[in-house]
Structures are given as C-alpha cells and as structure tokens.
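Single-letter residue listing:
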Amino acid sequence: MRIAGLGVTFFGLLALMLLLLILPFAFPFSTSVILINLLFYTALAYSINFITGMTGYVSFGHVVFLGIGAYALGASADVYGLDPVLGVLLGAALGLVFALAIGLVTLRFRGVYFAISTVVIALAALNIVLELPQLGGSQGIILNLGFQPYSWYYTIWGIVLFEMLITYYINRGKLGLGIRAIKSDEDAARSVGVNVSALKLYLFGLSGLFAGAGGAVFAWTTSGVFPYETFSLTFSLQMLAMIIIGGVGTSLGPILGAVVVYLPSYYFLTVAIGTQLIIIGFAVVVIALFIPEGIVGTLKRRSASLRELLE
Amino acid sequence: MLKRRVGITTKTTAIIVAAIILVVAGGTSAYYLTLPTKPPPGGTVKVGFSISLTGSFNVEGAASLNGMKTATQWLNSNGGIIVNGKSYNMTLDYTDDASQTSNIVPLYTKLVQQDNAQFLLAPYSSGLTAAAAPIAEQFGTIMLSHGGSADSIWRQGYKNVFEVLSPASTYLRVAIDWLKANHPSDKLAVIYAGDSFSTTAALAAINYSKAQGFQVVYQSSYPTTVNDVTPQLTAAKSAGADDLLGGGHFNDGLLLAKQLAQVGWTPKFISLLVAVTEPTFQQQLGTAANLVTGPSQWEHTVAYTSDQAKSLGLDWFGPTVAQFTQLYQQVSGGKTPTYHSGEAAGTIFVLAKAIQSANSFDATSVKQVLSSLNFMSFFGQFQVDQTGKQTAHAMVLVQWQNGVLKVVYPTTVAETQPQYPYGA
Amino acid sequence: MVALAVILSDLLFGMMLGCVFAVVAHGLNLIWGVVKVVNIAHGEFIMLGAYGAYFLNVFGGFNPLLSAVVDGALGIFVGYAFYFSFLHRELRGKERITLRSEMVTLVSTFGLSLFMSNLAVVAFTGDFVGINWSPGTVALGFLELPLGALYVTILAVLIISTSVVFLDRTYIGNAIKAYSQDITATQLVGANPTKVASLATALGFSITMAGGALLTVWIPTGINPYMGALYAPISFVIVVLGGPGKMLGSLLGGLTLGVVIDVLQAFVPVSLAYAVAFLLLIPVLLFRPEGIVK
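Protein chains in written order, with the working numbering: chain A, 1 to 311; chain S, 312 to 735; chain D, 736 to 1029.
No lab work stands behind these hints: they were computed from the structure. Here a beta-carbon is modelled for each residue, glycine too, at the ideal position from N, C-alpha and C. Keep in mind that a hint or two might mislead.
[As the list claims (entries may be wrong)] Non-contacting residues of chain S with respect to chain A, defined by C-beta distances greater than 10 Å in every case (computed):
| hint | residue |
| --- | --- |
| 1 | G391 |
| 2 | T402 |
| 3 | Q530 |
| 4 | G551 |
| 5 | P590 |
| 6 | Q594 |
| 7 | G597 |
| 8 | G624 |
| 9 | Q641 |
| 10 | G644 |
| 11 | S671 |
| 12 | F672 |
| 13 | Q692 |
| 14 | K700 |
| 15 | P729 |
| 16 | P732 |
[To be verified] Mimicking DSBU-like on lysine-lysine, the simulated pairs with C-alpha atoms at most 35 Å apart in a straight line are:
| hint | chain 1 | residue 1 | chain 2 | residue 2 |
| --- | --- | --- | --- | --- |
| 17 | D | K981 | A | K183 |
| 18 | S | K700 | S | K521 |
| 19 | D | K829 | A | K183 |
| 20 | A | K300 | D | K829 |
| 21 | A | K183 | D | K912 |
With the rest of the complex left out, here is chain A (with noise of 0.2 Å):
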C-alpha cells in the first residue's frame, strides 16, 4: 500500500508553504495579517494534534502553553527589553519544559481523567498569575514593540513549517507506530514493548513546546499580554474543534481544519455577529458523533485513490 519514500501529502505541503513564503511580498499588509492569524491558528492546531490527535488524550486545558509562551515574551520584552524572536524562542522553551513537568504527572491518566487535569491546571494557571505583580497582575502587560507584519509573518511562518516535518516525520516513521498502538491500545502496546510513558511524554513536551512558541508571537502581533484574554479556555476549545474537523492525528488535517474554522470566522465578523462559536459547536457534534476521523478521514474512507495520497 504504502509508497516508498516521500508522499504526495508531503509535496502539497511544501508546495503550499512555498507559496506562503512569496505571498507578503506580492498582497500588501491588510492580506499578510489574515495570513499571520490564520498560521496562528494553525500553529496551534498542529501543536495539540501530536497529544490529542496522535494519542487520543484530550488536553482541554492546552492554552496554558499558550499562556506560558505568551508571558515568557511579554515578561521578557517588557522588563528586560529582550528581542521578540528571542522571546519566541524563550517561549517555546518554557513551554517544553512547563509541558514536560506537568505531562509527567498527568499523563498517567487515562481517558477523562487527563482531560479534566489539564482544565483544572489551565485554570489554577490562570489564578496564579492573576497574582503574580512580577507578570503585571490582573492588569496585565501593554508592550509597544510596533506593527512588524513581516516578522510576525516568517516567525510564525517558521513554527508551522516545523511543525508541518515533524508531524509529517512522526507519522511515517517507526515513531508512528507505537503511536498509533498507543491510540488503539495503550496496555497492549505496552505488552508488545513500546516505551508507552516515553512516547507520550515526547508528544506532550513537543506540542508545549510548539504551543508556547505559538504563545509568544501572539503576544508579539497584539501588542500586549493580558491574563483573561491569554488564558481563555476558548482559545483550547477552537484548537480541538480544528483538528476534529480536520482530521485528529493526520498530518493534513490541521491546516485543513485551521483554514476551514478561521477563515470563515474571520469573515463572519463582518456578516453574520455572533454564530461563528454557535457553528463550530454544532459542527463538532455532528463530527465526533457521527464522522469520527474529520475531513482527512472521511476522504480518506471514501476514496481509494485519495486513501494513499491524503496523511
């Protein structure tokens, strides 16, 4: 079945970031921050889909990274007057290790359990830095760092492209496997020897890590860092609702999810107030009810021919 080497999935993804990278030179600035928001998003998305979609553990709370990230270049920026891209990347180390430290101890459990683990730290996260005048309180942090469209656009830019061979790697290699043993069945996998803890503790800190990087260029575009805002378990709940609808797991599916719920959300603004969450909702019903496996999927289900091209 499989094809030897590379596949077609991974030639559309790099042809699609390809035409990524020209695109701010050829549209003005007004097309490059839909651009930037959307590759936002889709950071995101891949971030939670190596936990969530790769081994089925539910983490609701995953806006902490983001949080972290947020404030590890809000925090540093402002006190220290660090370089943004520097923040980024201090972003993402925070949000390596908050992850690792905290996926040790939640992800020996299982199935709900971990879910409602990872709220209840979002939100005692958020509590805590309600607290914490070092990180501005409750009034939060205002930076002026100026409107840097191109910056933001490569950096985050940068994080999706790594994020797109990493998934992409995970997915065909010997790492998928056990992954994918993991998902169907943690305890027989672990009969059959696959290091269960390792590999879920490897996807939790990566996808804190993209996370937190995700964060951090948030915090760049808009300008400042504020507690309720950064640490809104909205921002969890969009990134899980775009891999389901993508497709949990694949290496398509989130970028195809990201488009498919920020895109028309971001046109809704001006059109239909107010039913963009209303619409996600009910479209993650529908989907989890009665279209498990997402857009990826469900192509992949019905169609043969696509079945070897989509990942």
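Following the hints, put chains S and D in place on chain A, whose structure we already have.
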C-alpha cells in the same frame, strides 16, 4: 470491500490535490483583495474602527456604537465639518471584533490600507486598544480612544493615539475627594474585581486615599469568574471599615451591594465602579441601591453647558446634553445613553472639532491641534498632555436617591448634595 | 493576625457554599458513576437551570426554591433527550464502555458546550442577571446567616440523602446500582439496560438543573451564558474528590472545596484560594483515585 482500479495515475491526483489546496489559499486571499475598496466620496470624511458587538464587551460595545451613530447624525445634520469653507459629512466604517485581541491587527490594517479610513477610533477596552495602537502609529493615522483607559497605553510613546475619557486611575478620586472634605476620619475598605480596569482604578484609589490621610483597613481583589464575596465583606467588616470602595464591572457592583446584606454589614458610604450608573442596578437591588454612589465619566443628567464653558474661557462644540440624549433615543430605539455612549459620542466631537480647528484633513495638522486643544462638549472638557493622555475631563460622582440617579459631586455640575450615611 | 470570628464565619459560609457546590455536582456524579460518561457540557446545563429559575422569577414570580422543582421536572426530559442523542449510540449493547466511546462522548459534549453557551448569548444576551430574592437573615451569636442560603443548604443535603435512599432501598435504584457495577448484571435482575441507563441520565440532569436553580440564591448576579465555565470544573473536582458514583461523595467533595476556598481566603488572595482548590484534584487522582474516602 473490493479494491477498485483507479483510472487516473497517482501523479495526476497529486497535482489535483495540490491544485485544490493552492486554489483555496489563493482564492481566499484574492477574494479579500478584490473586495471593492471604497475611496471616500467627495465631501465626506471617513472614520474607521472596530467595535465589540459580540463576546465579553458586547453590552458596552453596542452602547458605544449607538453613541457614535448619534454624534455623527447630529454633526451631519448640523452643517457637518467645515474645512476651507466647505462642509464635509462624516461616515463611519466599522466591523465587529468579537472582543478578541487577535482580530484587531487584521481589522485595523484593513481599515487603513483597504478602506482608506482617514481617521481611526480605538476599539472598546484597554487590551484591544493596545493591540490597535501600533497600527495607527505605523501608518501615521490619528486614533482616538473612547473606551481604553489603562494608563500604561500612554506610556508607550505613541504619537498618534489620544485619549478622550478620563484614565482608569482617576475613577475613584472623586469619591475620595468628597469624603476628604466631609468625613476625613472614615476607615476605608477596598474590594475590587481582578480585571485590568478595576485593578488600576482600585490601586490608584488606595494610593490616593492614603495620600489624603485616609486609613485603608482592608483591601482585596477577586477573580472576575467568582461570584461570591462574602468572605471579603466579612473580613472588611471585622477590620472595622466604615466605607466600602471598589467593585468592577456591572455584575461586580451588584454582587457587592447584594452580599452586604447577606453578611449583615452596613457601611456608611459606598462607591462602586461602573455598575451604579446602570438603571438596572436600582431595579435589581431596590432599596439596597438607595444612597449607593459611584463614579461616572458622564451622565445624561450632568450639567455641562455652554455658559459653563464660557465662564472657563473655553469653546463649546456640539449639541447640548438634552439634545444629545433626545437624538440618542431616536437612534437607539428608545434607550437612554449610558456613559459608554457618552464617551464614544464625545470622541466624535473631539475629532470634528480638531479637524475644523486645523482647517485641514492632514494628519500632522490635526495632531498638532489635538495636542493643544482645550474645549468643552456635552461630554465635558477635553485636553491631553504631551503623551496624549486625557487630563481635563472630570469624573462625576453619582448617587441613587429614592429611585433616581443624581449627579452629586463636584458641586459645579451637581444636581444636588450627596446624602450620608448609607442605610439611613 | 486574622480574627477568629472571620475564620469561623468563613468556615460556616464555606460549608453552606460547599453544600450548594455539592448539589450542583451531584447530577454529574450520578451520570459519571453509573453510565461512566463525563458530560463536558455539564456547566451549560447548570446555566440552563439557572436561566430557568430566572425566567420563572421574572414571568411567574417564582422563588428559586420553587423553580428548582420545575427545573428538576424539565431536567428529566432534557436528560432523556441527551441520552438518546449523545450516549445511546455509544452504549447500546455494550458490556462496558470502551475508551474510544469515552473519547467520542468527551468530544461531542465539548461541542455541545460550545454550542449551548454561545447560543445562550444570542438567546439571553450576554448580560449578567440575577434574581431578587432575599428572605432576610438570622442572627447566630456574632454571625448573621442569610436565610436563603440556609434553605438551599438544607435542600441540598435533602436531595443528596434522598438519592442515597433511592439507590439503596428501591427496585429501580438497585437496578441502577447494578448497572453501574456490571451492565450484564442489570439483565440478571430483570431490567433493560437501556431503560436503566437512560433513567439514571435523566435523574442526573434533573438534579443538575435543579442545582442550577438553587445556585442562583448564592450568586445574586452571576447568571450569564458563560457561567458554566466555572461550575463545570468545580463539579469535576468535587466528583473526583468524593469518588465518582459515591452519592455521599458529592457532599464530601463539595464541603471540602467550599471550606478550602472560603477559609483560605482569610490568609491568601482569593485567586490563590481557587487555584489551590482546583489543584486539589491532582494529588487525589495520583494517590486516591477512588476518592478521598474509601
């Protein structure tokens, strides 16, 4: 399932898939680019902004938008803006921002680049205003803030961002000023919601009251998700506080006032942010609302008049308070303007006055005028310091007296005297 | 130095708050314990119950205690509707719920929660509303206790103890218990598993919505479309503390949480008190996954 022979080669399909992806990405961008940009027709000036019609600021956003619409309508039907002897109408170009900071950058870039808005109004709230400020700065477009009052925005060195409303840090001063003049030995408790605006206002109040010689015997904030403040009220009571200051947004004020009864504490003086000015505050609390005070940016009963402006040696611009309130009711379908409406409408008149005084639409000349402008409208006085921060607009103190909300302080604009103590 | 009176008052208020939390979480506990499904949209049904009480008050002049009865009755129908649209496909004919089905219900009820809370914004507007009902206070030494909260506390305890008696002493209750232990055993006692599971779900929703009505007494202004975002996680923590399926566990978990939150506030900022309360879940899951009391 039978494995079907596929008629097309893998390669062809690959190209098709890639093409679909490219078309989707390219198509959406192209769609957005080909949207008709509307060059301002001759004789109009275009003002762009985003406003929160959904999400957490939907109530404030709707009131602000109605205020802007009212102000624009009054302006256009009363001669418009006169530049070089020619009259220009003002048009508003706005979209919803869903109260989310992530929407601000694309929306404001579009307003400037695609819609060719000549002037900008900030979105509602400090967080959204902070996100929009770098764009105004980048394109050198003037942006007036009507709902973002965090002091730190004006510490960023922006040259194009001007504040029309009083900064958050000044909200509770007016109450403390009155206490200082009348009950200087009261002990204060400050309990406030842990959001950006309320924290700024409350912390500034704590510092200011200490500087005025007051003793703050209890202070505490709570997260806005929490709906129970009985522990704090009990602690404040047992700390021996006479007066309660603080609150947050509407539900916070209501919560504090209601739970006072639950813990059996009757402070002598209560001043709460935001909530007190809403008519529903009195409807929901009944007698418990009586004699509660609160600061307000503006009220439709406030007594700013052209005579007052004249006595201060200032120009008066725009409608009277009564004219504005009446037109607002027409525009909004029978609603009474809140101070959010007042702020937003006041901003429109500031812009119109500045353009008219500059006698030009050129950003540099208007900016110059704004930084030295000092005049009065139905919203009160306008003057900014060199950072663009508002310094002249005064807060007023309001109090519910027998079911009617009255402006009670400062004396120059007050309808009547404050009554003390609460619960009498 | 924190005054003893403050701590005592916080303790008492914390216990009352805990009982309200308990009844709000109790419906979740029942469903989680019996059907082994966690309803992520639990908070939205609390919100629905609260709005029910609000509208009954506005249009019918009902007080929240009375509205709790009406909400409870409505909850039965809502619960059956929920069971057959969300759970039946996953549970029907299975001997035990699979991890895959658990994920399906988790994700679909998550979608439901997004859908409901945002639809509520359109239907009810985003304004915070409250019910104007305060039956006064009663003096207790140096403390004054709000009577409304006291009634709610008593009702909460009553609802939870009734459910214990119901499960222990009635035939239907025994069938539900049997289902929670072993689905095939339900058939042995002569009951139809689907009927038992759907009934348990309906009862859980009934209690949840009644709890939403009772909650409005405690939060005089906090009825709004997004209120579920606080009470759902609080309910999750309570059920885990008490142990899913242990009916008295709701009370135990609720009291623990209420007292921790209120008493801690005498010493640390409120935010941190809530943070500690939320994080209690982690050590309990690590060391006592079956709840704090065996």
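Evaluated hints:
| no. | hint | verdict |
| --- | --- | --- |
| 1 | G391 | holds, 27 Å |
| 2 | T402 | holds, 16 Å |
| 3 | Q530 | holds, 13 Å |
| 4 | G551 | holds, 25 Å |
| 5 | P590 | holds, 24 Å |
| 6 | Q594 | holds, 26 Å |
| 7 | G597 | holds, 31 Å |
| 8 | G624 | holds, 36 Å |
| 9 | Q641 | holds, 23 Å |
| 10 | G644 | holds, 17 Å |
| 11 | S671 | holds, 25 Å |
| 12 | F672 | holds, 22 Å |
| 13 | Q692 | holds, 26 Å |
| 14 | K700 | holds, 13 Å |
| 15 | P729 | holds, 30 Å |
| 16 | P732 | holds, 31 Å |
| 17 | D/K981 / A/K183 | holds, 30 Å |
| 18 | S/K700 / S/K521 | holds, 24 Å |
| 19 | D/K829 / A/K183 | holds, 20 Å |
| 20 | A/K300 / D/K829 | holds, 28 Å |
| 21 | A/K183 / D/K912 | holds, 31 Å |
The structure meets every hint from the earlier list without exception.
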